[in-house]
Each structure stands twice: as C-alpha cells, then as structure tokens.
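Chemist: Chain A is fixed; fit chains B and C with the ligands onto it per the hints.
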Amino acid sequence: MSTNGTPTSNGKYALDLQDVHCYYGSFRAVKGVNLKLQEKKITAFIGPSGCGKSTVLRSLNRMNDLIPGGRVEGRILFRGKNLYDPDVDPVEVRRRIGMVFQKPNPFPKSIYDNIAWGAKINGFKGNMKELVEQSLRSAALWEEVKDKLDQSGLGLSGGQQQRLCIARAIATQPEIILMDEPCSALDPIATLKIEDLMRELVKNYTIVIVTHNMQQAARASDYTAYYLMDKSDRAGELVEYGETDQLFTNPKDKRTEDYITGRFG
Amino acid sequence: MAVGASSRPEVTSQTDVDIKTQLRKHPRVGETLIETFLFVCGAVSILTTIGIVFVLAKESLLFFTSGGVSLTEFFTGTVWQPAIGKFGIWALMNATFMVTTIAMVVALPLGLAVAIYLSEYASLRVRSILKPVLEVLAGIPTVVYGYFALTLMTPVLREIFGDDVVQIYNTAAAGIVVGILILPLVSSMAEDALSAVPDSLRQAAFGLGATKLETATRIVLPAATSGIAAAFIVAISRAIGETMIVAIAAGAGPNFTFNPFNAAETMTGHIVRISGGDLSYDSIDYNSIFAIGLVLFCITLVLNIISRYVVAHFREEYE
Amino acid sequence: MSQETQPSDIGQYPEGDNLKHFIENRKRGGLVWRVSFQIATILAILALIALLYNIINGAFGYVAIQNKVDPNSLVLAMEENQMLSSSGTVSSEDDNELVDGIEGNPNAIGFFGYAYYNDNRDKLKAISVDGQAPSRETAESGDYPLARPLFIYSAADVMRENPAIGAFVDYYLTNVNSVIEEVGYFPISDDLLNEATTAWSAAAGEQADALQAYTANPAEVSDHDISISGSSTVYPLTRQLAIQFRRAGFQGGLDLQQTGTTAGFRAFCEDMTTGISNASRPINRAEIEACESNKRTPVEFRVGTDALAVVVSSENTFLENVTKDELRQIFTSAETWSEVNPDWPNEPIERFIPGADSGTLDFFAETVFDRQLEALTEPELIEILKANLSTGLLRRFDAEAPLVERSQPELVDLVLERVVEQQVVQSWELTESIFDRAEIEETVAAIPQGELQWRSWLTPAFLVTPQSSTPELAGIRTALFGTLWVIAITILVALPVGVGAAIYLEEYAIMVANPTLRRINAIIQTNINNLAGVPSIIYGILGLAIFVRAIEPITSGMLFGVSDPTTANGRTIISASLTLALLILPLIIINAQEAIRAVPNSLRQAGMGLGATRWQTIWSHVLPSAIPGILTGNILAMSRAIGETAPLVVIGASTFITVDPTGPFSKFTVLPIQIYQWTSRPQAEFRNIAAAAIIVLLILLLTLNASAVLLRNRYSRRLS
Ligand SMILES: Nc1ncnc2c1ncn2[C@@H]1O[C@H](COP(=O)(O)OP(=O)(O)OP(=O)(O)O)[C@@H](O)[C@H]1O
Ligand SMILES: [Mg+2]
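Chains as they are written, first to last, in the numbering used here: chain A, 1 to 265; chain B, 1001 to 1319; chain C, 2001 to 2720.
These are calculated hints, taken from the structure and not from any lab test.
Glycine included, every Cβ here is placed at the ideal spot set by N, Cα and C.
Any given hint could turn out to be false.
Unchecked claim - Once the Cα atoms are required to be at most 30 Å apart in a straight line, the calculated DSSO-like pairs of lysine-lysine come out as: (1) A/Lys-125 <-> B/Lys-1212; (2) C/Lys-2068 <-> C/Lys-2295; (3) A/Lys-81 <-> C/Lys-2027; (4) A/Lys-103 <-> B/Lys-1212; (5) A/Lys-146 <-> A/Lys-125.
Unchecked claim - Residues on chain B that point at chain A, a partial pick, calculated with CB under 7 Å: (6) Gly-1139; (7) Phe-1206; (8) Gly-1207; (9) Thr-1211.
Stated by the list, open to error - Cβ-Cβ distance ranges computed for the label pairs, FRET-style: (10) A/Asp-150 <-> C/Ser-2602: 44 to 52 Å; (11) C/Glu-2421 <-> B/Thr-1101: 47 to 55 Å; (12) B/Lys-1058 <-> C/Glu-2421: 30 to 38 Å; (13) C/Arg-2518 <-> B/Thr-1076: 40 to 48 Å; (14) A/Lys-252 <-> C/Ser-2602: 46 to 54 Å; (15) B/Glu-1135 <-> C/Leu-2603: 38 to 46 Å; (16) C/Asn-2514 <-> A/Gln-151: 40 to 48 Å; (17) B/Ala-1057 <-> A/Gln-151: 19 to 27 Å; (18) C/Ser-2602 <-> A/Ser-184: 25 to 33 Å; (19) A/Arg-234 <-> C/His-2021: 26 to 34 Å.
Bound conformation, chain A alone (with noise of 0.2 Å):
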C-alpha cells in the first residue's frame, strides 16, 4: 500500500486530493499529496509543526489564494469538479467549505448579526431569526446567549466565541467544514465540548481538523492523515492516511509509529 492513498471504506468522497503541491513564492511547502476525504466523517490531519497541514487545509477552500504568492498545483475534486480549475469563483468555494480557525475570531459585532452576516452576503432568503437559532443551536451554543444575541460576540469567552464562530461556519450551509486547530486556545472542558459538537456536527457534514492534541485525534476523528516534513527539500509530505484506530494501534509506516508514540524527533 502506498503511503498516500485512501483507506478503504465504502462510502463517498467529499473531497478527492490528487497529487496537490502547495508553494509560498517559489518555495514548496507541500508535495504530492493524494488524499480522498470521506464524506460526513471527521478527517484529523496530525504532523510535527511546520509540515504543512495548515497549508493543504487551506488549500482545500483556497484561502491560499489569499497570502501572497501563494499557489497550489494539481487537482482538487469536489463533486467532480476541480476547485482549482480557472472558471471557478474562490468566493463561492468558501461558502460551500467553511472554516474556523485557530483563535477565535468573531467580528466585533453583535452575536445576532455574528451569524446573520455570512448568510446576508450569500444571498440567504427566509427567516433569519430562525437560521441564526438553529445555528447556535447546531454549535450548542443556544442556551448560554439566547438572551444577548444583541451584544457583542467579542464579550463571549474564548470557547463560547469559537463555538460562535463554528455557528458562523454552519449558518452559510457548507458541506465541509474546515477547522485549524480549533480548540489549541481553549481550556479542557471546552475543548470537550467542541469535540462534542463536531460529533454531533459530522452527522450532517464532513470535517477536517488539524491538531496537535494526540489524544483529540485519537478520540474524535475517523480518519487520520500524517504528514512529516522531508528534510531533504523541506517540503511537507503525507505520509500515511488511514482509518484513525487502525493508524494508532498498527501504524503501517515506521515514521508514524515513532511519532505517535512519541519518539519522534
């Protein structure tokens, strides 16, 4: 079996990664990967720092396009159709592939129009009260701010206002849903309760998360990607991807089970 590939499993692809090369100017941060993410689980990406995973999470909705000199080769399949391929909008691929990022980041406005904003600027008809309650509700965050939705969403604290922001993400309606380590600035108990949230989330959307937290990856994820950077050229690489209890009881490449036993390094 290769290193890259994809585990076998009998459901669909959200996403289908084929040997996609990132660079910043003309240095590759990122090369050849193959990865096919499977549709409504959560995907961990894990790596030592620095190997990428941030870069191709990123690349998956193009925010890429973004940092200067940014680039990414190769092809990346969603519903058939290449994200990279020149008639397609970035704008539009964003909407469809949310993201929360590592530090919370709600807008400095109330925590109504937090959410209601994303869904004004797509287009969104209908009943926005009810969007912005079931959002918040979807990101267990309806009981705690039910009665502030006018006050700002920066007075929240740090784990209510990355599960504000998570409801941002699910209020535009995407179907994946991006996050870079989401709970690295959070305490325990609210990192429990995003791990909480993204499993009942993945019952309706797929998930990809990149983390440091071993332990959160082993506990929350279905699948999980490797990466490791090659010293060589100092791209990152993936190095193995499988099922997530499979990839830490039986490792099949020797890199992985260092790390993830903690001898790497």
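Modeler: What follows is chains B and C with the ligands alone, placed relative to chain A:
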C-alpha cells in the same frame, strides 16, 4: 553581622566602615543638574501653551474692553468692517467653514477610497510606489499649494463655469486645493486605522465566502470606524487652520456669502493680511487678530482633543 | 446535498439560475467599487502631477522682450564714434571743407549728399558701391546701396477733416520737385510723382476740388493747424515747403518736428497727435495695424530720393568701385589703403566725413555697417558701456569682474541688461509656448521693438541676484540667505531643547515617584501632543506678541548694541527662529521620543549594571543608538520649518529687502515669503519667478527628505 564582627574584629570592622562610606548615598550634583535641565526642556512646551493662552486671552480682553465691541456682537455679527467698528466674526468664520466644507467634500471620500485601496487591494509593488507619492504630496509647503490654487485651479473653474460666475479669488478653488492638501493626511491616518484591524477578521470573512469588497466595506471599515473618524476630525482641524492657500486664493476682504465662487476671507486669511501690512501695536486691528486667533485656537484644540479621545477609544477595542 | 442534511424550511440560499445572477451581481458590485477606489487613487496622483506640471509650466516659456533703447542705434552710435575718432579722419559739418580736403589728394576719401557732389563734379570722382554707380535712376530704383526713398504719410480722414493738411499735402506734391535739389536730394520721376498725386486725389475724394482751391489760396484754411513729425532726413525738405506754404498765405499753427521715422509713426498712428508723418522708409505692417486699430488708414506719398556719394579726388586712379565691407574698413579701423585691399597703394587713408549732427553720417553708418549687437567685438562692447553708463556704475562692474576680462557673451548680456534695458513686456507659459506659437508670434510682431525669446526663469543668476522690483531682474539671493539663517538658528534652539525634553519624558519621567511631578509629566506629554495640532498661524501670533513685541530690546539687538537703534525693531531673524523653534518643538520631541523608545531596554540595563549613572548610560549608550532616528525626525522638522510661511508673515518678515542678512538681528525674508509675495502680484512675470522659486524650494526640501529616508534606511538595517 554582630557575631561576625566579634569573631574577626579587626578586618571586618575595617571593611564595615569602608563599605558604609562607599555605599552611602551621596548627592550627585551633575546628575541632578542634568535632570533639572531636561525637565526644563520638557517644561518649555507647557510654557508655550501658557504663552499662547495668555497672549490670546490678554489681547482679546483688550479687544473686547477697549474696542467697543461686545461679545454678542462679535459672536453673532456677520459684518467685519473695522473702519466702521463692525466686528462680526461670522463674516470670517463663514468663509472658513465654506473652505473647510469644500475641502472635506474633496478629501474625505477620496482619502478614504485611497486608504481602502492601499490597505485592502493594492499589491505590495503598487503600495511601494503610491505611499512615497502621497508622502511627497504631504511634504509640499502650503504656499506652493496656494500658487497651485491661484494659477491652475481658479482658471480651470473659470473655464468650466464661466468668468462671470467665478471670481478671480474664490472659496471653491481654495477649498478644493485645501482638500488636495489634506488628502494624504486623511489617507495615511485612515490607512493606519484599516491596517490596525486584525487579519483574523478578514480571514473569517473570506472563510464565510465574502468577496474582497464585502470584507473591506462591511467588516474592516466598520471595525476601523473610530480610527477613521479621528482622521476626519484631525483633517477638519487642519483645514480650519490652513492659512497660505486661503490667503492667496480665497480673497482679501471679509464677505459673508454662501456662494463658493465669490471671494471671501477666512479667519486665517484675515490674520495674515492684517499682520502682513505695517501693523501698529495697540490698534484695534492688532487686537482683533488675537480675538480671531483665540477663536481659531479653541476650535482646533477641541477638535484635536476629540480626535485623540476617539483614537484612545479605538485602541481599547483590540488590545 | 446540503438540502438533505439541513432542513430548509426556514429559508434558502440561491441555487441554479438565481445563484448565477446573484454571483454576477456581486461580482459587478465588487468591480464597480474596486474601480472607483482605483480612480480615487489615480485622482490623488493626478493632483500631484497637476501641481508639478503647473510649476514647470510657469517657470519656462516664451517672453516678449522690448528694448528701452534700440540696440541698433547703440551699435550705430558706437560705429559713428569709431569713424569720427579714427586717426586721420577729418569731420566737418561744412561740406566745403570736405571738398577742399579731398580735392587734389589721391589718398583722400569722403562722402556726402549726392547733390553736393554734383556741384563739384569737376574736382571729385564718385565711385560705385557694390558695382552700382550713383545716379538718379539707380537711386530711385534702390539698386544703389547708399540711397533711400523719402516719404510723407497722411490719411484720407485726416485730410478731409483738416483741409489745411489736405491742402498742404497737395501743395507739397505740386512744388516738391522745384525745391528738392536745393535741399540736396534727388527729385523723383514724373511717374512716381503722378502716382502720388493720384493717391492724393483718391484720398481727397469729393473734396479734391475744394482742397485744390485752398492749395492755391492757403489763407482760407488758416483756422486749422498742421502738425508734422518724423524723419529728420525728410525734415529739411518738408521745412522748405512749409516755409513756402506760409509765404503763400497760410496763417494757422504749423508745428514741424524731427523725431525719427519710427517715433513719427507712433505719433501719427498710436497717439494721433500729428496729421502728417515724414518717413525715410515705408511704413511696416505693425504700424499699419496700429493705425487701423485707430481707424486711420495711412496713405503714402513718395516725395524724393536721398543718396550719398562716396567720393575721391579726380587724381585718384585706383578706386572705381568698393564693396560695403571695404567701405566699413576704410572708414573705421584701416590705416592704409593696402590694408583693405592689397591691390591698393600702401598709403595712409585720409578720411573726410560729415559731422556727428548730420543725418548723413547716420545714414551712412546704418547702411554700411548693418551689424547686430551680438556681432560686436569685446572692445566695441566696452566702448558702448563706457559711452552709456555712469562712471560710478562702470567702476562697480569693473570691480565685480574687470570688464576687459569678461567674455563677449557676458559683455553682450551686460549691455542688454544695463544699456538696452531689455524688459519683458509679456510672458507665456510652457504649454502656451508650445501649442500657440503662431499666435504668440503675431502678438509679439505688434509690439514695437518687440522680440520673442525663449526663457527659463530659473537660472544660476536667479539664485545669486538680490531682489528687484522688475521681475526679470529679481533673484532669491536674499531669501536664500534669510532661509539659511532662520533655519540654522531654529535648529540650534529646537534640537537641544526637543531632544532634552524627549530624554526627560522617556528616561526620567517614568521613574518619578512624586505624584505631583508624575501628574506634571503626564500633562507635559498630553500638552506636546496637543501643541502638534495647533495651527501654525497661532504660533505666529504668539511670536508677534512675545518675541517681536514684548522682548523687542533683545530680539532687535538693541540690548547688545548690535543694531542701528533708529531702524531696529523686533521683526528680525532671531524672532522668526524662536517662533519656528516653538512650532517644530513638538515634532522633534515626538520623533525623538520614538527613537529613544526603540532603543532596547537591555542596553540600559547593561549600562546601569556596570555601575554607570543614569545620565552616563543615556549619554554613552542610549543616545548613540537613537541618534539616527533623532536626526531623521529633526530633518523632517527642518523641512517643515523651511516651508512655513504664515507664522513668518504674521511676525512681519520683510517683503522687500535687497541686502543680505548679516546676523540674527537683521531684517530678513525667506523663500516661502518671496513665493507668497510674488504669487500675490497681478503681473504674470511675477508668477513666473514665483514658479522658479518654488522649484528651488522643492529641490531643497526633496534633498532634505531624501537624506532623511537614506538615514532611516541605514538605521533600520543596523537594528535588524
Ligand atoms: N504565509 C506564508 N508564507 C510563506 N511561507 C509560509 C506561509 N505560511 C506557511 N509557510 C511555510 O510553509 C510551511 C508549512 O507551514 P504550515 O503553516 O502549513 O505548517 P503547519 O503544519 O500548519 O505547522 P503548525 O503545526 O506549526 O501550525 C512552513 O515551512 C512555513 O514556514
Ligand atoms: Mg498550522
């Protein structure tokens, strides 16, 4: 210490006495003198302010007590004709506000648009060209802008609207050029405010599928409101205090008019014209420029204080 | 897909065609705004370009120059003088003396009116010039170079309104040929005379008969006056006829002047003070236009021909024909005949010429020499200077740079400036000069003595010449010196105080424990920020009240006995500098504070850790690292001070001052004040020099700012 002293009396007591004297605080005259001198340097700024307030207040007082001009007349009158004893500040203030308004109409939208373009759209290369251009624009002395207003802007306006409509000296040309003068100020302050908005907000907006425009105008701009407001206020204060452009291009004679194509003299323009001639001390003319100066000083001071309050408020939001 | 997963009864995102429209709208909106942001930015750049363009536009372009003194007449006078003062030249107003001198002397040569030669044909020989022998025919046709036509001019309206003039012109034409030879000129042919009479009849129109009746009996028009001026050559002829006209009975006023042809036409066409104009050349187009703009159509009457004869004695065998160039040498510098032409004998030339007062000498010089001022040699130019300038002035120029050592172009410039007194009467901007050339040329053609010239108002001379009330002679020397003095003292005062304040606020104020002093420090800081926003004109008012007035004995220098107590007042360089120092103090403090703050704390700790006092640490560690930043801020403050105008106007900078400032207690002007003054003048030429001065100011500021940028770059490289 006492134990140690008794066990090895000689040596220790010797050392003890020594270190006591060595470590004792002694006055360092040089250091104190220098610190005092430096404090005096700092205090010069206070003296300057006191000087300004004192001088303006004192001569204004003379103006109101000996000149036969009452405060109400001064603050409500619309005729300024020293020859017949009329001192209505509105004749001058109105022109100042006309020029300022026109300048703002030019500078605020343009300056803000330039700021948005620079901070949200322009590539690094474009920025590296544009910023110096704006800096050059900001570094040109105002008397040069005055020349520009009189020899280019006025003829252009007369060409467009007709010689019989636009007078040779007019507040429109002066106002437009004052607007150009403060455009770099507005754009650089507004850009600072926009750049201060954390990038994570932009990322969040883009992550939700917002376009560049939506991100810029509906997330970044509102987040930078107070900084931009401060820029606007400083700009207004700068326009009110601007002197040479209006002295050259706006007109030499108080005129209470709302027609931007007519000549009218601003507060600053009047001060320059009156003091440009051979001004004899203790004349009513001499005193009057202090009264005008006091009004000018108060307006700009209040505006500057407001703007700094707004900026301080803005800082609190993200730090 | 999302529809399945997310119950959508609460609303919908656009899908399908709706989505397409929605996307298009968003894109369009985005594009529109993007473009409008770009347009705004381009407008800002355009403003800068327009500003610079406007300055360049004013500083270069065509000017129309008018001479106060005609340079040709200067050349002429110089040459006549040369002729008269050459050794071996005899000049006399009495033609008989000339004839006597030439007669029988083979080495003699001279010239005088042809008529006079005619009387002495037996003793003298007239020689050909440029191959043309003098005769009535060659003179009338203009082939003979030393001949010129004689005219009188009048106008139809003039003759009809003033029958005396109409009658006199008729009388003139009828009788001219009977007196002309007596006066010394060639009579014109009958054909030309007929032409003149016809022209008169046409101009007189219906009144011709009536006027002719008056001609026969001039007494009848004695209630009208006749006023004539113009050529001095025609003058004796007209005078002769006027005398006869009076004898025939005319008793009205008869005013006859000799002013020269050009001045005559000016009186006739522009001022309309004369009814008849004598002329020794045809009227030119500009003069006709000037006449017509006054509703006068000049009518020309040819009345005779003037010719000079160049004569030698009958004994002379080697001279038959001379060229004009040979004539020039013969009558000026040459001493022997062979010097001019090797074929001629090596004998001294003996010259006999009419005196300086005669028109004959003028005419000869005009025709034969025909040289431009620019073509003269250095000694000739110096001669012109000596002839036209006061000895005092000459001595001054000689002291500046000995005249004999100056180059020819320098001397030409000096003559043009001081003797000819070239004046710019009109100026055009650069764009006009390029695109409206034809129109400009027309305008200049209409200016008497006008000349078109390309001019850069910014010249090296502009920098070193003191002020003048004539824009083309004005320079910015005094203003530059003033700016230098003012800025130097400003920096001398503001830099130490500003840096001192910054050090206090950054290094000492934080350590202060005393709550009152802490509060004072906080106030100082706020106060500095507030002062930075005070309009500069307020500082001017402060300076006026405090420096100019309250401490006048100090700022005027009276206390130190430095200045003349009668003229001294507080409006001096020191007052200006103190005012500007207060103005830029906040700027210097804020910048220096930033520079000091940027010095890493570890440096201070290292210093203090070694047992240095606070000041020792600051002096030997903090300040050296902060110096580049402080200097950068200082240069920026300096350029602000250089450009400041309003406060200096208020404290009363002198606007017109031609002596260099000599010290802190001098009166002064500065560059921006000059620009302000010149811009406010209505004459276009002052705008031109304002533009030139602006260029100087901007170059100065640009240099300063560039050095600040360089400093900043080096500084930031060192820290990283
Ligand atoms: N904006 C950028 N410009 C240039 N290079 C970048 C940029 N962002 C990341 N890189 C480089 O790309 C490589 C991968 O970075 P990336 O952020 O994807 O790593 P990561 O795996 O997410 O690390 P971490 O776990 O620390 O977040 C690194 O070598 C990094 O230096
Ligand atoms: Mg990362």
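Chemist: Find the hints from earlier in the document that the structure breaks and name them by number, from lowest to highest.
Modeler: Going through the list in order, the structure violates hints 6, 12, 15, 17, 19 and respects the others.
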